[in-house]
Amino acid sequence: MSKPQKQIHLAAHFPGVNNTTVWSDPRAGSHIEFSSFAHFARTAERAKFDFLFLAEGLRLREQGGKIYDLDVVGRPDTFTILAALAAVTERLGLTGTINSTFNEPYEVARQFASLDHLSDGRSAWNVVTSWDAFTGENFRRGGYLPQDERYARAKEFLATTGELFDSWQGDEIVADQSTGTFLQDAKAGAFVHEGRQFDIQGRFNVPRSPQGRPVIFQAGDSDEGREFAASSADAIFSRYAALDAGQAFYTDVKSRLAKYGRRADQLLILPAASFVLGDTDAEAEEIAKDVRRQQVSGATALKHLEFVWNRDLSGYDPEGPLPDIDPDLGENHIARGRAQVRMYRDPLATAREWRELAQANNWSIRDLVIETGNRQNFVGSPATVARTINEYVQADAADGFILVPHITPSGLDAFADQVVPLLQEQGVFRTEYEGTTLRDHLGLALPHSRLRSSGGTPIDEAAGTARAAS
Amino acid sequence: MSSTSSSPLHLAVALDGTGWHPASWREPVARPRELFTAGYWADLVAEAERGLLDFVTIEDGLGPQSSHFLDPDDRTDQVRGRLDAVLVASRVAPLTSHIGLVPTVVATHTEPFHLSKAIATLDYVSTGRAGLRVQITARPTEAAHFGRRTIPRIEAYDAPATQDLVTELFDEAADYVEVVRRLWDSWEDDAEIRDVTTGRFVDRDKLHYIDFEGRHFSVKGPSITPRPPQGQPLVTALAHDTVPYRLVARATDVGYVTPHDTGQARAIVAEIRAEQERAGRAAEPLHVFADLVVFLDDDPAEAAARRDRLDALAGEEYRSDARVFAGSPAQLADLLQDFQASGLTGFRLRPAVAGHDLPAVTRGLVPELQRRGAFRRAYEADTLRGLLGLSRPANRYAAV
Ligand SMILES: Cc1cc2nc3c(=O)[nH]c(=O)nc-3n(C[C@H](O)[C@H](O)[C@H](O)COP(=O)(O)O)c2cc1C
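If you read the sequences in order, they're chains E and V.
Add 254 to a position in the first sequence, counting from 1, and you land on the number used in my numbering.
Add 896 to a position in the second sequence, counting from 1, and you land on the number used in my numbering.
Keep in mind the hints are simulated off the structure, nothing from the lab.
Possibly wrong hints are sitting among the right ones.
[Said to hold, decoys possible] Selected chain E positions facing chain V (in silico; Cβ < 8 Å):
(1) G311
(2) A340
(3) R394
[Claimed, not checked] Computed beta-carbon distance windows for the label pairs:
(4) V:A1290 with E:S278: 28 to 34 Å
(5) V:D1101 with E:S284: 20 to 26 Å
(6) V:A1055 with E:S432: 57 to 63 Å
[Said to hold, decoys possible] Derived list of chain E stretches under chain V, where covered just means 3 residues or more per stretch with a C-beta under 8 Å from a C-beta of chain V:
(7) 368-382
(8) 422-434
(9) 446-455
In this text, a Cβ means the ideal position worked out from N, Cα and C, and glycines have one as well.
Whole structure, please, built from the sequences with the hints as guidance.
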């Protein structure tokens, strides 16, 4: 008998503040009104998706010292919007990106435990570290954390919140009205954490939530980020949705699990993926081309080049050739608050490569950015897209995808109506939710509280650095 | 804001667990096992909305409830544990349509940047019904939950060191509110332009750095969240003394105070109005609400007996910073109108038993006040500011 088919995981990323979001399309609605989020979440739940995903950025992006105005600007608070979405959905998981550098464990643990209670066990946390002092200017802490300490803090932050979640076992509240015993353990919530990053103790004041802890996502791509994921995360939000790159990433990350005593199925790989549907493959290709041109205006193309050149290029003609000056190799002061800047680790090499490509193909600046930039990952008729997604998952390029539509909030509607039924027919995607919690959807075990589980081996030693309280 | 006995009276209710009496959870109506579910909170807020109340506040804290002022106790006979109030408010917002939602937030250990966008977002999800109640904490044990600073232990309430500490924490809270408010204004209302011809999504001249520099923190801005529907959601605070009265007078839209008789009420209102004048805000509307703990039954003897029964269960007489009222809805209506005549513009009622005294407010007190022409018969505005007769403030950064 052949290998059983993998079940696909699907999630929905509310389109955010980058140039994949086509706000100029007449069908584009609000990116901030709650009705948009509610529509998007209901569509994802109608399609039986695993979860909804929200990214986060804690400072408005700037270019050349001015707020970047060509993409969508502004977004709501992650926790608040997810709590409200819990009211208009019943099963959909709710994943929020929350930074470990500009928050404190006690507060974040309270927020996630509360969200988990208020959603009956549907919360997940994408732990990100941020990378810049620029963001720090909005916080009491300021930009104090050197880059090489980001993951040290993230790891200890995650371990500490784990200790707080585990400070309640789940059986403390008896609330016996006749005897007058509310708590059966006077010390419920007691914790002590002494570490390099955090030295805290006291009482955690949110009782254990339905999932025990939120599901943990990780999204960093560096070697450190991958180790962090292998040691401590339930799922990775990656940027490698293409077949080859996806398989390479998948193999790399899964091979790191064993040294943390974890099985390959204890960490799901879920790349961000964009898509375009048409009645036919040819029609979809045409639409996709149009969308790319909408995503990359001449002005956007020039700004994109500035990420690499680290110079003001506003004098250049986006329909003309690439600049023949070289990138400024100093610290990037042109584009701030941008993850993309860090994608181009060798600006000179990138500039050289791009010039050669542009010359060989007779591309303008704008053509180059369109051609080398992010293509939609899945383009075609619903049948083609369903088939391709399934092929990628069965070929271990991913365990599923976090879909990022380019239109808010209706961008998921056609996928839900046309692609999902085909995946269901193929038997690779659920037709009904089988469980109620996000852990159920993702096939993840419920964590036991480590603190009192004396004798028994804790089922998850993910947070290898966690110190038990007291 | 002047107030006569004929001007409308505003009513809020303060939600805290199963109610304000520590034995409230033992009443059959209390639902103590559901305290950590959304359904429990949705039902309470729906009841308050049925009674046309202006808003609910939701208590919170960065440590467990305690019968001691500073330290956790090890009691097992009272409710311990609570959910984050901002998230509770947000969870119920889509299920309600008129009532204001005012969660408690602790300024002492949290980030004004995070909080500002959280309340702005609550304003979006409730389409204009958000507020906050700002609180400080002087508990050393709660400081130890964060580990960023130590807070000296208060030994005597009237010691100069205590006064200094409280003043410092309130000064910090004042800065906090200032940052939150500036961040709400950091986007002008029409900053989002979606100008397809120039390709600009926002007019960046309408986004503003707030450049706040204070003793405790500095914040650059602008917010990541556009200006909320109310422009400025409602800012409120509870105050018992001169230092907090000053915060109320300078920085809030509603202050909650705790007079025990009309003479005290008059004195407190006068003190707050004087501070308001000193701050140059005399012309701005500022509500002063009195807090009252209420045991309400049609038969006053029943209310008193209920209080006695709960006190017996708790093992001690219930005491509060606020006046404790036990009686009938008609008697409470008399009291509120008396108090109102001393310059208060509304009341925040703390139900002793949420499951009993909240419905008694909405189904007993409210109809009584309506009969007297002292309370609304329908919601007359879409936003919380509107319900309270407060206009939508102009943006401080907008070019005139
Ligand atoms: C696909 C992807 C999505 C990300 N989304 C966010 C985000 O929404 N907010 C954020 O602050 N960081 C985000 N990050 C940044 C990372 O989580 C991480 O903090 C940063 O990349 C630095 O870590 P690294 O050096 O390991 O890449 C994302 C990264 C990736 C790869």
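Going through the hints against the structure:
1. At about 7 Å, the closest approach between the beta carbon of G311 (chain E) and any beta carbon in chain V falls short of 8 Å, and the interface hint on this residue holds.
2. Checking A340 (chain E) against chain V by beta carbon gives a least distance of about 6 Å; that is within 8 Å, so the hint holds.
3. Below 8 Å, beta-carbon pairs count as interface contacts, and R394 (chain E) has one with chain V at about 4 Å; its hint therefore holds.
4. The hint said 28 to 34 Å for the Cβ distance between A1290 (chain V) and S278 (chain E), and at roughly 30 Å that hint holds.
5. Remark: the range hint 20 to 26 Å for D1101 (chain V) to S284 (chain E) is upheld by a beta-carbon distance near 22 Å.
6. Look at A1055 (chain V) against S432 (chain E): about 44 Å separates their beta carbons, and that is not inside 57 to 63 Å.
7. Here the region 368-382 of chain E counts 6 residues with a CB under 8 Å from a CB of chain V, which clears the bar of 3, and the coverage holds.
8. Note: the region 422-434 of chain E has 5 residues with beta-carbon separation from chain V under 8 Å; the three-residue rule is met and the coverage holds.
9. Check result for the region 446-455 of chain E against chain V: holds, 4 residues qualifying (beta carbon to beta carbon below 8 Å, three or more required).
In terms of the numbered hints stated before, the structure departs from hint 6 and from no other.
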